[in-house]
Amino acid sequence: MPQNIYTVSQVNGYIKELLDRDGFLGGLFVRGEVSNYKTYPSGHHYFSLKDEGGAIRCVLFRREAARLRFRPENGMKVIAFGRVSAFPRDGQYQLYCSELSPDGVGDLHVAFEQLKEKLYREGLFDPAHKNPLPRYPRRIALVTSSAGAAVRDMLRILGARYPLAEVVLLPVRVQGAEAPAEIAAAIRYASAHRVADLLITGRGGGSMEDLWCFNDEGVARAIYDCEIPVISAVGHEPDVTIADFVADLRAATPSNAAELAVPDQRELYANLAYFAGKLSDLMEGRLDRARRDLDRLGRSRALQDPMNYLADRRMLLDYQSRRLSHALAGRLAGEREDFARLAAALDALSPLKVLGRGYALARTPEGAVVSSVEGVGPGDALTIRLSDGSLDCRVEGKKKLRARTSGARGG
1 MPQNIYTVSQ VNGYIKELLD RDGFLGGLFV RGEVSNYKTY PSGHHYFSLK DEGGAIRCVL
61 FRREAARLRF RPENGMKVIA FGRVSAFPRD GQYQLYCSEL SPDGVGDLHV AFEQLKEKLY
121 REGLFDPAHK NPLPRYPRRI ALVTSSAGAA VRDMLRILGA RYPLAEVVLL PVRVQGAEAP
181 AEIAAAIRYA SAHRVADLLI TGRGGGSMED LWCFNDEGVA RAIYDCEIPV ISAVGHEPDV
241 TIADFVADLR AATPSNAAEL AVPDQRELYA NLAYFAGKLS DLMEGRLDRA RRDLDRLGRS
301 RALQDPMNYL ADRRMLLDYQ SRRLSHALAG RLAGEREDFA RLAAALDALS PLKVLGRGYA
361 LARTPEGAVV SSVEGVGPGD ALTIRLSDGS LDCRVEGKKK LRARTSGARG G
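Numbering (full-length UniProt numbering), first residue to last: 1 to 411.
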């Protein structure tokens, strides 16, 4: 039986010691394609690097992963720096990464493009969300460093162009690890408390690393949520940041932001002078027309001799009165003629005329007209109306006339 028998843990530990003592494996760069990338709740990242000939397992612990400026993805070509060692528990060797960067381009560039794509899909760059800038802002908030040349340039330009606007400075760091949180907090404070009508955030030029705080997702979301219109003024004209895409307006430089934020008082004075002259010309023209109207009215007969005007009106009133009297007299004469004609026709039909020709009208005591002998009998009282009076009578008897027949008339 062999004398030297080792446990699995002893073998794995020995292999780990060999790998850890190897200077070559203690720090090397490895190029490969990311696959099986996973992030665990612990914050550690596990993945594999592979090429056409093989693969190696890799781990990126939470502390190192927090320093990444981009998000690794499956299929991405990267260069990893770290040490090769073994994990004694399962006997697998792996690359313990301390740095990870995209192969061929900088990690900042990849991080920029990734965040830009993400925020674009979420709609943070949508023009429909952008607010119009106030034309004449009363107060302007500057979220920038209080010690940089950028703030001095903006204050100088704002004071020269539009001194009516009050400028409020919210000092923040614009470089370094703490800068994004300070910038985002200042923007949210300005929005929550409505400290200004317009907000400008930015800084002077620098490298991509210097400007990186304006590529932070927290800063971008603070700008998007801001209720105050925001101008982004970062670096020089070629510099483009995520803040530029989210802001309501992008300025090429901080100085350009100050120019875009307010009108030029010289142009305002020139416009005021122009409109004042135009108003003066309009008023002068109106006064000239009023003078001409006054002169014309002053020469009118009504104003020169008001009594002549009244005399003309009296003559016209007399003339109209005569016309009215004549028309009324003619109308009354015609009405009288019509009345006489109708009265004559009515008189011709009057029962009194009939009585005047010798006829009489018999009535009962109740006033009913007796039109037939059938309506009375002997002893009935009647009133006989004549043309010149009436007679009170009593019926002694009655006779009824026989109706004539056509045969008897023929014989």
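FYI, nobody ran anything at the bench for these hints, they're computed from the structure. It cannot be assumed that every hint is accurate.
Stated by the list, open to error - In silico DSSO-like pairs for lysine-lysine, Cα to Cα no more than 27 Å straight-line: (1) LYS77 x LYS130; (2) LYS130 x LYS16; (3) LYS77 x LYS118; (4) LYS77 x LYS50; (5) LYS77 x LYS116; (6) LYS118 x LYS130; (7) LYS50 x LYS16; (8) LYS130 x LYS116; (9) LYS38 x LYS130.
Stated by the list, open to error - Label pairs and their computed distance ranges (CB to CB): (10) ILE5 x GLU73: 41 to 49 Å; (11) LEU260 x ASP293: 21 to 29 Å; (12) GLU73 x ASP264: 44 to 52 Å; (13) ARG67 x VAL11: 32 to 40 Å.
We put the beta carbon where it would ideally sit given N, CA and C, even for glycine.
I want to verify a distance hint. Is the separation of the beta carbons of ARG67 and VAL11 within 32 to 40 Å? holds (35 Å)
With the threshold set at 27 Å, check whether the alpha-carbon distance from LYS130 to LYS16 stays at or below it. Not satisfied, since the Cα-Cα distance of roughly 58 Å exceeds 27 Å.
In this structure, is the beta-carbon distance linking GLU73 and ASP264 contained in 44 to 52 Å? With a Cβ separation near 49 Å, GLU73 and ASP264 satisfy 44 to 52 Å, so the hint holds.
Mind checking the alpha carbons of LYS50 and LYS16 for me, to see if they're no more than 27 Å apart? Holds: LYS50 and LYS16 sit about 22 Å apart, inside 27 Å.
When you check the alpha-carbon spacing of LYS118 and LYS130, does it fall within 27 Å? holds (18 Å)
CB of LEU260 to CB of ASP293, is that within 21 to 29 Å? violated (50 Å)
Distance restraint between LYS77 and LYS130, which requires alpha-carbon spacing of 27 Å or less: Status violated; Cα separation ~37 Å.
Pair hint outcome, LYS130 versus LYS116 [Cα-Cα no greater than 27 Å]: holds (17 Å)
Keeping to a limit of 27 Å between CA atoms, is the pair of LYS77 and LYS50 held or broken? holds (10 Å)
Taking 41 to 49 Å as the stated bounds, is the beta-carbon spacing between ILE5 and GLU73 within them? At roughly 47 Å between Cβ atoms, GLU73 and ILE5 fall inside 41 to 49 Å, so the hint holds.
Given the hint that LYS77 pairs with LYS116, test it: the Cα-Cα distance must not exceed 27 Å. Holds, because 20 Å separates the two Cα atoms, which is no more than 27 Å.
LYS38 and LYS130 were given as a pair; does the straight-line alpha-carbon distance stay at or below 27 Å? violated (37 Å)
Comparing the model with each numbered hint stated earlier shows that hints 1, 2, 9 and 11 do not hold.
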